[in-house]
Structure formats: structure tokens, C-alpha cells
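Undergrad: Residues per chain, in single letters:
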Amino acid sequence: MTDEIKMAHGGGGVLMQELITRQIIPTLGAAGSSELSDSAKIDLPGVSLAFTTDSFVVWPLIFPGGDIGRIAVCGTVNDLAARGAKPLALSLSLIIEEGFPLEILRKILTSVAQAADEAEVKVVTGDTKVVEKGSAHGLFINTSGVGLMRQDIDFTFERIVTGDVIIINGPIGDHGIAVMSIREGISFASSVKSDVAPLSEMVARVIDKCGAAVKCMKDPTRGGLAANVNEMAQNVGFVLDQQAIPIRPEVEGACDLLGLDPLTVANEGKMILIVSPDAAVQVLKILQGHPLGQGAAIIGYADDKKGLVRMKTTIGGERIIEIPYGQELPRIC
Amino acid sequence: MCLAVAGKIIELSGENAVVEVRGNQINAVTALVPEAKVNDYVLLHAGFAISLISKQDHDEQVKIFEELRKNAPELFQPE
Amino acid sequence: MPPNSSNPNNPQHPLIKALTDLGHRLEPSKVKIMEVCGTHTVTAQQVGLHSLLPENIRLISGPGCPVCVTPAGYIDQAVYLATEHNVHISSYGDMLRVPGVKSSLEDARRRGAQISVIYTVNEALNTARQNPDQTTVFLGIGFETTTPPTAYALQTAKKEGLTNFKVLAAHKTIIPAMEALLTDSELSIDGFLAPGHVSVIIGSNAYNFIAEKHLRPCVVTGFDGEQMMMGIVRILMQLVENQPKIENVYPSRVTTTGNPHAQKIIADTFTPADSAWRGLGVIPLSGMKIRPEFAQFDAHQAFNLDEPDDHEPSGCRCADVLKGMILPNECPLFAKTCTPTTPVGACMVSREGSCSVYYKYAKAGVPT
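Taken in sequence, the protein lines are chains H, W and C. If you're matching positions, the first sequence starts at 1 in the working numbering and goes up one per residue. If you're matching positions, the second sequence starts at 1 in the working numbering and goes up one per residue. If you're matching positions, the third sequence starts at 1 in the working numbering and goes up one per residue.
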């Protein structure tokens, strides 16, 4: 490892994994956990809680389809949902740069309120700090969340077996492209809106009906499908079907334009569900009947090539899907 | 090193165009394809139109394939 | 149930069968087809093309990735300008992670250098316009597809008197490189896929020498799976019939003579010069030097820079990989000291580099 942190260390890809597994976890030692999941399980007498935290440093703060406030709530809610937990409470920490306009702060807090309302969760505690101009990019937010896990079912990658089916609730790449379209230096206008949305209720519907037929779930945020499917490929391998992966033509067009691989673009309103094959059709129907799952599709399956994620391409070839480096840059080549 | 995409010119003022690529709009310079007009399809690379694309673009690709099939049918016999 | 290739909803592409048949007909010969375009390398990887080729047909990547063939010292020059001369560097994203001799642009940016990634040279012009008190240097790399935009920027800068805009030019041309590969007695390339978008600029006639002088097939090919399969099928057919010629499966965009406006703007702004290719050495008249009329926008002149050093870290065999002489995994550093997160040579750092593409398969233990 290098002796300085790079941007890519925060990108959700290989470098971030290395930072976590080679520095953070070993240094925390006995004081930490060796689990790598998005949310942690805390067992209490008679009940289990899921606990998660996430920081939001997105720039620009406001983008088509949402803003940092909305993501701050949905990101944490979705991490809880990925563990099958019902969100109970959130904390909201604000780190505000000196000079930040109050009007924009209000707008963002309104988004927080709206998202929390949609997710049926309350913001019960928080913290506010102000830092000197230049020490934060406008506003950083951290949210932590606590959720109630299902009795007797946990959703972890260990439960995935060969033959299990991969389902996603809709088209990929919306969020990443929406944000990139208004970044400075890349002047392109797009009709693409972020998909940022709280998925706990949609997931609850699925688990209510299908229970333990759902093995593992993940929200493919940073690093996109590529990073997150790879993370689940510990005891199994995965084969994706490119033809089946839903993607909007505008997102595909933007990716072509910028030289980005849509599989590596972030999503904020998507959930990958690994499901037992005989429940797949039912899960699909439940998702498709929900407003946030209308574009749901089966996109692949698990096999025994441990740790290997492949994709069958539209021309019938096979390619390897590896964990992205961590910072996808627009290219000309 | 030739990442280029096809798009349609939806606005044009001198050499400065707005090109639409499947719902995304991007600025492009048409100095390399001065004959380009609004509603023309162009091939876009690094912010520049480098070629006009005929409207029959897709048909041309199909034509090449069919030509091959006609001239070398044995390559396409079903098993 | 897992999808399989005889699923009626997902029938096998007919060109796959054509490839298989032609491969059989050419047995026991082993055929090496070279593509010389980084985007072909990436497309092939993304559509899983290698998994569809018969055993005896091999597609190898040549020196078509501008990042891979730009001498390492060029990066150091850019870093030097940013750190010692307070210059704002504007670069295509491809260059950011390339290791120079001492440092990469990404490293320099981490240490405070002003380096921005841009999608088009027009953004660099804007940076210069909006910051008249600082010099903006644009890193002009790429082949004939990318040279016209740089030429346009130089002409625009001259028209507007934008004296704080400079170009550190390192553009190259592909034809001299193809000629050098064909005359290299150590290599045996049986056919070329010609880069579709370079060909938009230079025209398919530019490749006539490959069939006429060197008696090898060459097919101008575009950038999706079907195009590349079609290109390879046509090369194999020429080999079967022993009738090498130049063909074009991308005629909707590539003509025989190319884009005259683009060619003119290049000729008005640049002049061919000998150029060093990372790992390959100097190839005569394969580079583009800024013409004297635009000297004031030439960063080499403005900052008194010599031709950049090349530097091959010991053990690195990028040169042989670029020439298609060895496979990436035959380089002693491959997957050991040289990996995508710790790249030593350019072939590994660039997303289009042969080694970085090969690494994905090697890591997976998938035979290629």
C-alpha cells in the first residue's frame, strides 16, 4: 500500500477494500469486528438489531432527482434494509462549511424530513459542527441508523449457494450519471435523474412473503453492480446476463459518451437480492408490483466458481467482471 | 483510443453545436465537419464531430452482414 | 435455470459459427491478428471476444493505446510544469494514473498540483480564458482521431491571442508504427484490424501498403462485438483464399479518403517528426510536432523542454507485449510486482493496456 490516501481509497473498489482489510480492521484488532457487511448485527436478549453508518460527501449537493439530504437518509435506510431490518431510528450529523447559505441548508433539511417520512423512520438525534471555509465542500453529512432485524433470518453472503438467482429492482446507473451530468468540467445535460429512494418497505414486502428464500441483499452504491456483486462472491461465483440487466438508453448513451462502464456506476435506489431459484418468480412479481421495483429483472445466477464474477455478453461471449479500481474517470480512449 | 459515439445535432450556431446522444445533450464543435446541419447525425469524439453519419447507418451494417452471408453461405449453414 | 447457448431466446450469433468454420479451415496454422487501437482492446474485453475465437486464432493488442506508448518522461514533464511553474494542467482522464519516471499526475494532484481531468480540449481553452493570470497547459496525446481537436485548439488560441494557453504535444500517427511492426523480422502478424475512428480521419486507402507491399489482410473495423467479429471473419476469409486486400466493414463512417477538413487542420498545425514510443524506441516520422507558426503555444518551447526521457523499469517487458511478441503473462513482473493497483509499465496502468486486460483473465484462472 502507498503511504498516502488517494481519492480511489474512497471509491468503493479494490483500494477501499485494501484500506479496510489491511489497515482499518487489523489496527482496530480486538476492539473491532472482522465482519465486512454494510450493517452490523447486535444481538440482545430476544431481539437483534442492525446498526449501520454512512457519510455523504457528494458534490454537487443538489442534483437531478435529489440532494445530499435525501441520499443521507436513503443510503442508511437501504443499508439496514439490505440486512432485512426495519429502520427504527436515525442520527443526523452535519459538518457545515463556514459561509454556507441558510436557504440551501433549509432545502436539504426539508429533503431529509421528506425522505425520513417516506421511509417511516425518525431522526432522533444529531450533531452540528461548523468548520472554516475550505475545510468542507459546503456540507458533509453522516447518518447512522438502527433497525430491527427479522427473528431467525439473517441475510449474509454465507447463505448463498450454487443455483441461487440474482434479481435487481430496476435499471442501473441512474444516480452516478445524474450527478456526473452537472459536475463542472463535463458539460453535458441529461434527462437522467438520480434513483435515490428508500427501499425498506419494498424489501419488507418481499421478505414477508418469501422469508428465508431471500439469502442475501446489497444496495449497489459506490462501485456499482461490479463492486457489489464481487463482494458477495465469497463462497460462490456469479454469472450475469448482459441482455437481462436493465439500463435506460440515456444512461447507456451517457456511459458511451464518457467511456464509463455502466456496471461500475453508482445507484442509490437499487437493491440486489440473491434468491433461491424456486422463489425467484414470486420475488420478481412482488417487486414489479411496487412503485420502486417496476423495472425488476432476473439478471444472473450463482455457480461454484468461487470468487469469480463473469458476464455473458450480448454477442454470446464471456467477460470477467472485476472490482473496479475505485475511481472511474471519463476517457477519450 | 477512439471512443466516439453517434448523436444528432439539435442546435447549431456557427461551429458550436449541441448534440443529443440518446437523451443526453453535449456541446460539440463542428469545425471538422463544416457541412453538418441541424438534424444531421454525427460521430462525436472528445467534443468534436469527426464525421457525418448517414441516416442509413444501421441499414449499412445489416447490408454488410447479408452480403457476407450471400457470398459465403457455407459459413452460415445451420449445424 | 441457468441460461445456456442453445436457449431459443438467446441463439448463438451466426458470426460465431463463421469464426469456428474458418478457424478449422486454416488448421493447423496458427493465426495472429493484431489490433492497434486501445478501444478495440477494451471492446474485445467487454464483449468477451477472446472467449469466442477458435483455438488457433489469436487476437493480440499492438501499440494502439496512446497512454501505453507515450514515454514515461512526458508525465514527469507535465508534473514539473504543474509543481515548478504553477501551471494548470488539463488532461484527458486516461493519463491520470500513468506512472512517469518519478511520479504520476494523480500523485502530483494529491500533493496540491493543479491538474484537472477534461472530456474535451475546449474545456482547457475555457480554463485558459477564465484564468488569464495563469498558464494552462493541455496534454495533447492520442492518435489521428484526437489530433484534430488539439489542432483546432491551437488555431483558436492563435485567433484569440490566448497567450496563456499552451499544448504539450505528444500526438502520434499509427501508420508508421504499423509499417515498423510489419518490417520487424521477429514478428509475424498475419493480419490487422484497422482502427475505425482513426480511419474516419485518414481514410481506408492509408492502409493499402499493408496488402500491396506486405501482402497481409487489413480490415477497417468499428467498435462493437459484431463489428470486431466481422472484421476477423473477413481477415480469415482472405487468408483462406490467400488474397490479401484492404477491406472496410465500417463504410457508413469510413471512406477511402477520410475527412479532408480534419487532415487539413492537422497539416496546417503540425508537422511529422521522429517520435519515441514507450518501449518501442524511435519510429521515424511517427510523431506530430507543433509548426513554427504556433510556436508561442508550444509548451516544449515555452518552457524549454527537451524530448521526454523514456524509462523502462528493469524487468518490464511492455515493449515486447506491445509488439505482440509475448503474452502479458510471459513478462517476469506480471501479476507479481506489476498489477493493476501497483502498475509498473504502461501496459498495466491503462485500462486498454494488454496487461491490464489480460490480468482480469489470469487472476480468474480462465484460460485465454
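Hint data in this document are derived by calculation from the structure and do not stem from the laboratory. None of the values given here were measured: they were computed from a predicted structure. One or more of the hints may lead you astray.
The calculated DSS-like cross-link candidates involving lysine-lysine, where the alpha carbons are at most 25 Å apart (straight line), are [as the list claims (entries may be wrong)]:
id	chain 1	residue 1	chain 2	residue 2
1	C	K264	H	K305
2	C	K102	H	K6
3	W	K63	C	K102
4	C	K245	C	K158
5	W	K37	C	K264
Undergrad: Within 25 Å, alpha carbon to alpha carbon, are C:K245 and C:K158?
TA: Not OK: C:K245 and C:K158 at ~43 Å, beyond 25 Å, violated.
Undergrad: Does C:K264 lie within 25 Å of W:K37 when you go C-alpha to C-alpha?
TA: holds, 21 Å
Undergrad: Quickly compare the C-alpha distance for C:K102 and H:K6 to 25 Å and report which way the hint goes.
TA: Distance ~17 Å between C:K102 and H:K6 Cα, so the pair holds.
Undergrad: Within a Cα-Cα threshold of 25 Å, do C:K264 and H:K305 meet the stated pairing?
TA: violated, 54 Å
Undergrad: Tell me if the straight-line CA distance from W:K63 to C:K102 falls inside 25 Å.
TA: violated, 52 Å
Consistency note: the structure conflicts with the earlier hints numbered 1, 3, 4.
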